[in-house]
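> If you want the building blocks of each chain, they are given just below.
4 protein chains.
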Amino acid sequence: MAKNIQDYATQTQPSPRQSLIDCYTRVRHFTEQLCVPLETEDYVIQSMPDVSPTRWHLAHTAWFFETFLLSPNVADYASPHPQYAYLFNSYYNSVGERHNRSQRGLISRPTVSETYTYRHYVDQCVTDFLASCDEQLLEKITPVLTLGIHHEQQHQELMVTDIKHVLSCNPLYPAYHEQIPQKTAQVPPLEWISYPEQLAWIGYQGQDFSYDNEGPVHRQFVDAYQLASRLITNREYLDFMQDGGYQNPLLWLSSGWNTVQAEHWQAPLYWIKQDHDWYVMTLSGLRLVDPDEPVCHVSYYEADAYARWAKARLATEAEWEIAASHLPITGNFAEQRTFHPEPLSTLLTSDQPAQMFGDVWEWTQSAYLPYHGYQPAPGALGEYNGKFMCNQFVLRGGSCATSITHIRPTYRNFFPPDARWQFMGIRLAREV
Amino acid sequence: MAKNIQDYATQTQPSPRQSLIDCYTRVRHFTEQLCVPLETEDYVIQSMPDVSPTRWHLAHTAWFFETFLLSPNVADYASPHPQYAYLFNSYYNSVGERHNRSQRGLISRPTVSETYTYRHYVDQCVTDFLASCDEQLLEKITPVLTLGIHHEQQHQELMVTDIKHVLSCNPLYPAYHEQIPQKTAQVPPLEWISYPEQLAWIGYQGQDFSYDNEGPVHRQFVDAYQLASRLITNREYLDFMQDGGYQNPLLWLSSGWNTVQAEHWQAPLYWIKQDHDWYVMTLSGLRLVDPDEPVCHVSYYEADAYARWAKARLATEAEWEIAASHLPITGNFAEQRTFHPEPLSTLLTSDQPAQMFGDVWEWTQSAYLPYHGYQPAPGALGEYNGKFMCNQFVLRGGSCATSITHIRPTYRNFFPPDARWQFMGIRLAREV
Amino acid sequence: MAKNIQDYATQTQPSPRQSLIDCYTRVRHFTEQLCVPLETEDYVIQSMPDVSPTRWHLAHTAWFFETFLLSPNVADYASPHPQYAYLFNSYYNSVGERHNRSQRGLISRPTVSETYTYRHYVDQCVTDFLASCDEQLLEKITPVLTLGIHHEQQHQELMVTDIKHVLSCNPLYPAYHEQIPQKTAQVPPLEWISYPEQLAWIGYQGQDFSYDNEGPVHRQFVDAYQLASRLITNREYLDFMQDGGYQNPLLWLSSGWNTVQAEHWQAPLYWIKQDHDWYVMTLSGLRLVDPDEPVCHVSYYEADAYARWAKARLATEAEWEIAASHLPITGNFAEQRTFHPEPLSTLLTSDQPAQMFGDVWEWTQSAYLPYHGYQPAPGALGEYNGKFMCNQFVLRGGSCATSITHIRPTYRNFFPPDARWQFMGIRLAREV
Amino acid sequence: MAKNIQDYATQTQPSPRQSLIDCYTRVRHFTEQLCVPLETEDYVIQSMPDVSPTRWHLAHTAWFFETFLLSPNVADYASPHPQYAYLFNSYYNSVGERHNRSQRGLISRPTVSETYTYRHYVDQCVTDFLASCDEQLLEKITPVLTLGIHHEQQHQELMVTDIKHVLSCNPLYPAYHEQIPQKTAQVPPLEWISYPEQLAWIGYQGQDFSYDNEGPVHRQFVDAYQLASRLITNREYLDFMQDGGYQNPLLWLSSGWNTVQAEHWQAPLYWIKQDHDWYVMTLSGLRLVDPDEPVCHVSYYEADAYARWAKARLATEAEWEIAASHLPITGNFAEQRTFHPEPLSTLLTSDQPAQMFGDVWEWTQSAYLPYHGYQPAPGALGEYNGKFMCNQFVLRGGSCATSITHIRPTYRNFFPPDARWQFMGIRLAREV
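Chains as they are written, first to last, in the UniProt record's numbering: chain A, 1 to 432; chain B, 1 to 432; chain C, 1 to 432; chain D, 1 to 432.
Rather than coming from a laboratory, the hints here were simulated on the basis of the structure. These numbers were taken from a predicted model, which means no experiment stands behind them. Hints are supplied without guarantee of correctness; some may be wrong.
As the list claims (entries may be wrong) - Covered stretches of chain A, going by a simulated chain B footprint (3 or more residues, C-beta under 8 Å):
1) 249 to 262
2) 280 to 289
3) 325 to 339
4) 366 to 376
5) 385 to 391
As the list claims (entries may be wrong) - If you want a taste of the chain A side facing chain B, the calculated C-beta under 10 Å gives, among others:
6) Asp304
7) Ala310
8) Arg313
9) Thr316
10) Pro416
11) Trp421
12) Glu431
Unchecked claim - Per label pair, the in silico range of CB-to-CB distance:
13) B:Ser102 - C:Asn73: 22 to 32 Å
14) B:Pro37 - C:Gln274: 36 to 46 Å
15) B:Pro328 - A:Gln352: 43 to 53 Å
16) C:Ser113 - D:Gln375: 54 to 64 Å
Every residue, glycine too, gets a C-beta built ideally from N, C-alpha and C.
In isolation and in its complexed conformation, chain A is listed as follows (with noise of 0.2 Å):
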């Protein structure tokens, strides 16, 4: 079980300087892989202010390397497009003034093909540095080679998204890649795993790469608890919705009522009802809903809504962290290319939550905010996470788009309580 990028360098066991190039040149080759099936069009579109075009995405991350890697470390560095380090910010305030978020959709250039060629001028840089520079340097710069590579595994996952959310924006309903055959299961039905009260250890405390927002270890009273054996299905969704979950007030909180009304959520992001049945835009185009695949693209007000109406709740990110810290890190994740959250296939066994990891994200009750003794990196990666920490939920477990080698039962993702466009999905949990 490789969970860690440098474990998975070092599987091939060259050398720890080779394990690094080789470990950068995966991962920035997968970046591209991912665009193979995109036309030049598909690169620049921002359909909305969270959504960033593809080209951005490919910019920004050379230019994450350029900033923090070359332009500090290599002796005489020169930008080939000093101004694209203005393009490419996307909000280090510490490092110089930036482009409007709001309006990368308004930029045609530098084209797709000049920004692969920046990228590809970025990583022969990058290798060759890495290849020539002395032991020391070269230990020195590994935490910020290693932040840059997981920087990039983020944007890969918010490529996918984005790109998603751009051609569902497209009456034509254009596919991504081909229909991926669909599984079929027998969902098991659904049980409840008890956890005793403890006084836990939260936080990474391992030696390999972590984000600064998964520390200091700290520890954390935790009262006893159930959490559900496996992910929300459509199904139960669906009868949410024929319960009259989206028209019935009380079932949520204050603001996503708000959000409901306001933007006549009837129904999960991408689903879309024609005639009498519900379809989903997936990135294999549109397709029937699968009522035994995991529920997908919901807010934290759904998934809050759903748990009340559930008479559960959701886990808190202690108690999921509790619940995955032994666990493998298995299931579907973005080295499967499927990009679409499974049905349950393995067997449960009696005693470990299934789906923990991979298919969707895992909306917790806790809010986004920094753990005991918390604090932010020296300089300009110092905004990297903690300037976030207001009005966010955190969510746990990776999706199908996170890559294996990223993800760690003590990883905080998080966004805002009414984001969808994510992969972003339902566990249960309640007292005992």
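Following the hints, put chains B, C and D in place on chain A, whose structure we already have.
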């Protein structure tokens, strides 16, 4: 020390029934006393969506008793104005349609005089009912009556803060009441009070009234921490401003920085720069900022940015509650009728924080979320607290507009992070 | 037939000086008479940006005389409230900064009572000045005094229409005054009156008061045309509605159709469907739509769409003026205090259109633009008319809220094409 | 001098049928020639709601011929992509539902290549049809074919102005084409040319193509007036700017001044101040403002304010048409491929205005309204012009992005008063 309404009521030793009537009468009367300085015109205005016209508060609090006490329990009760139920329902979806919140300022009728007539009619019915109902019914309705009284007190505080906002929109800077003589004080230096790590019981565990969101009482593990001995003063906050606090994005949460820029924030709400001096709009009109007063009318964003600049942080609500739980509830409350925070004039003991109650609500870094095992009250009253548990932060301790009989160490107030029109201030905390 | 204030004043044959004083006093008094039915609360509300609070109208019209008559001409005149100049300037950029129009409803002070005191102070100063100034000065200031009187009358009409809008926002449908007994009438069939082609002199050419936008008198060539003998009735407009008028985009101007959809227009402003009947909010409260009354509170978009549906068009302002120029100015005006259009009850002569004056302003198809040779008045009063000559359409003839002494055949009222809260109706025209 | 497409076509003396085919082919080909400098990415972007992606223009103009020519007339014509009808209908409500205009930039498919395939398919069908249909049918469809060709030319101009706007949003200031060598010229002083009062025939009265809004020909009385001998230059406009033109509300229409403040206008669109110099974004990238060029990309508001500052006014469209009706149609048009206005280099005759055609559209003070007797064309094509006759002003004369074969003295272009992204400039008029 009288920290609970019923305690307070029983100090005069009448019968429990009479105590309830007295308490109801006293609190209802205080609402109207708050309006004595107002002109009729002042009652009508809604100066922003968060603000309600004073007349709306007067009617809504009467509607509450009519809807939840009289209608269900008085056999032949009929509202003299059935259509008021539509106008003066605030957010209880389960008791019917309601007038749009943001349009409360468009309604000139019922007039102020008619509104008082309505209030007095309800008061007569309530006191008649309390005086005549049998003991069994009295016992049954005591919780909802008590809730109504606390609800009235909450609206008293909102009336004060709302009318302050209304008057502040007027370029003539009208005063609500005469200038209160300003206290002068030699504010003692800020010190740090230490608390050891502990598994603490958090939440209300008494027998008197508390809101459902203060329970159930439960355990939280809290690491060792330090709490500031007093509130942050205007002098200290001016240091932050002069050090470029409002110009440096690295000090701010990302959404906070967006707000600073969109709203052109340069200082706390109600501060106005004239020539080279900062003035502040108070309920006694415009006056120079007093550097010794606690800083007030700052948002969570500003409190958080100030703390970061000061190399500290805000407390969690558990940390605050541990420190407050054994302190006497004394301070600058609504009964004092200053309606403005005061410089710290009491001597600090060496080991207890000052100004924990009254003056200003203290922002905590805790998102407003349900405690473990939280269940909202059944029925319409269950819409009171739980449905707001999203995108809000907890404030503790009460303010100069809070009634002393309304506050408790476990009391959880909550507002969105950009709210500033309540009396909100800053107390720092830090790791050991 | 008294169609001009000065004419009207001179009917009583006092001295010209006394006539001016009488006229001033009478018009100023009428403003306050319009307010008699109001509660204090009604004076304060701004129910939409176009609406001003009644109290604002009262103060602004006093400010006008203070600013343009007293300050420049009374040697030691000092405003008792210099800050009112900021609050009650409407749009005269040349006389200084002004309070934001959309925030007039946020201001509770000066109170209504203080506002009346201010008015009466100004009135005293004006009448003292008029009684005592020398003849030369009297002659010099007569134009601005006369303009101020007409300005006051314009605001009288706005007060009526604004207070109607304010009361209409209240779900209780309060009445401004008692129900006026509804006239019943057998409305005669619509006929067409023909006018030959001509080179007509258009614009005001008399010696009495007129606005600058009514001149200079100039020639326009007008082709032969026909004008409808009366206004369109509610019955006829209901035919349009029942024929799907609000659902058929081909009947509408493009921006009109966008407005219909964005605002969900289904009927004229103030119409409310209850069960299966159309009701209308009037200044006497809610009542059934009377099919014989002229349709009212329709926008230019609706008037234009109705005309297209009826295979006709609206008149140009020149066509309207030619038809009106020799008609007596009689009709349902503000002096009648109905403030509601009435069914046509007078017999039609065979060759003159009825209802040309009073009842409702009649939308023309003419954009509000300068006449050939137009020059705005010099100084601040030049901001009165000319700067609004963009994106507005001309209305002619006055309404039930216009003073009979205020209207002329050449009078050009103007509003944007989506405005509906004035008393606005429809008269058709067509080619021969 | 060939001012009409059909005239132009017949210069080569082929048969009328062949002329039509040639004309169709030539105009369609010119559309694609305009795209030669574009990258694929440039075709996709909608930089503001008024702008359409180039690819949309390409598809929409093909859809026009498919919908109005092929479908009704070619027996078994079936669109290869029936769903394009939804995507590429611009505003014809009568031919079915259409994609939201503001969302044209969210659609990445059909690709640019697929769009060209669609165009070429339509072209093949049209030319096959034209070559083979019988004479009677040819005669019947000639008007709609001709309209389609003029429609195509309108979109050619929009393509140029839209792509200019798209490129201007890019901080890299990419160029559409190479820098055209700038002409230098000694611009002659502005003189005034006098026209006597007259009862003029206005509107198109020829036999060739014209839009329905150019008729019917009718009489208008026009007082004596003077027209400026040339366009206003950047030098003159800079005088206005330096005299505080953008800071003085008295120069502006009220809604214009609101726009200046809301949009922070300080100069024409595309002007950028760097250090102390004004630069302008052109289709050849950023370059210094040339003071001798006609000022361009000004709104009606700016043209009107400039005229007021210059103690003149804009012409009415009748005044413009009288002056233009006997002038040769020559100038800087799209065929010249400069796409930028040029300094006046031709000598002025003593009695005729220069630059009346080409370079920039000239704002008139005439609102865009129907001529006396105007009737829109029947059917869907009737939605072409008439429904926009509201809140727009007329512009005359064509621009450097207009085809010479597209323009006429009677041609009425129209835009809202705040529009600036077309090539729009200023010619003054005044009373005698």
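> None of the hints should be skipped; say for each whether it holds.
Here's how the hints hold up against the structure:
1. 249 to 262: holds (count 8)
2. 280 to 289: Answer violated; 0 residues pass the 8 Å Cβ test.
3. 325 to 339: violated (count 0)
4. 366 to 376: Result for this restraint: holds, n = 6.
5. 385 to 391: This one holds; 5 residues, not fewer than the three required, reach chain B with a Cβ under 8 Å.
6. Asp304: holds, 8 Å
7. Ala310: Not OK, violated: alanine 310 of chain A not within 10 Å of chain B, min 15 Å.
8. Arg313: Arginine 313 of chain A check passes; min Cβ-Cβ to chain B is 8 Å, inside 10 Å.
9. Thr316: holds, 8 Å
10. Pro416: holds, 8 Å
11. Trp421: Violated, because the Cβ-Cβ distance from tryptophan 421 of chain A to chain B comes to roughly 19 Å (cut-off 10 Å).
12. Glu431: holds, 6 Å
13. B:Ser102 - C:Asn73: 22 to 32 Å: At 46 Å between Cβs, range violated.
14. B:Pro37 - C:Gln274: 36 to 46 Å: Holds - the Cβ-Cβ distance for proline 37 of chain B and glutamine 274 of chain C, about 42 Å, lies within 36 to 46 Å.
15. B:Pro328 - A:Gln352: 43 to 53 Å: holds, 51 Å
16. C:Ser113 - D:Gln375: 54 to 64 Å: holds, 59 Å
In this structure, the hints that do not hold are numbers 2, 3, 7, 11 and 13, in rising order.
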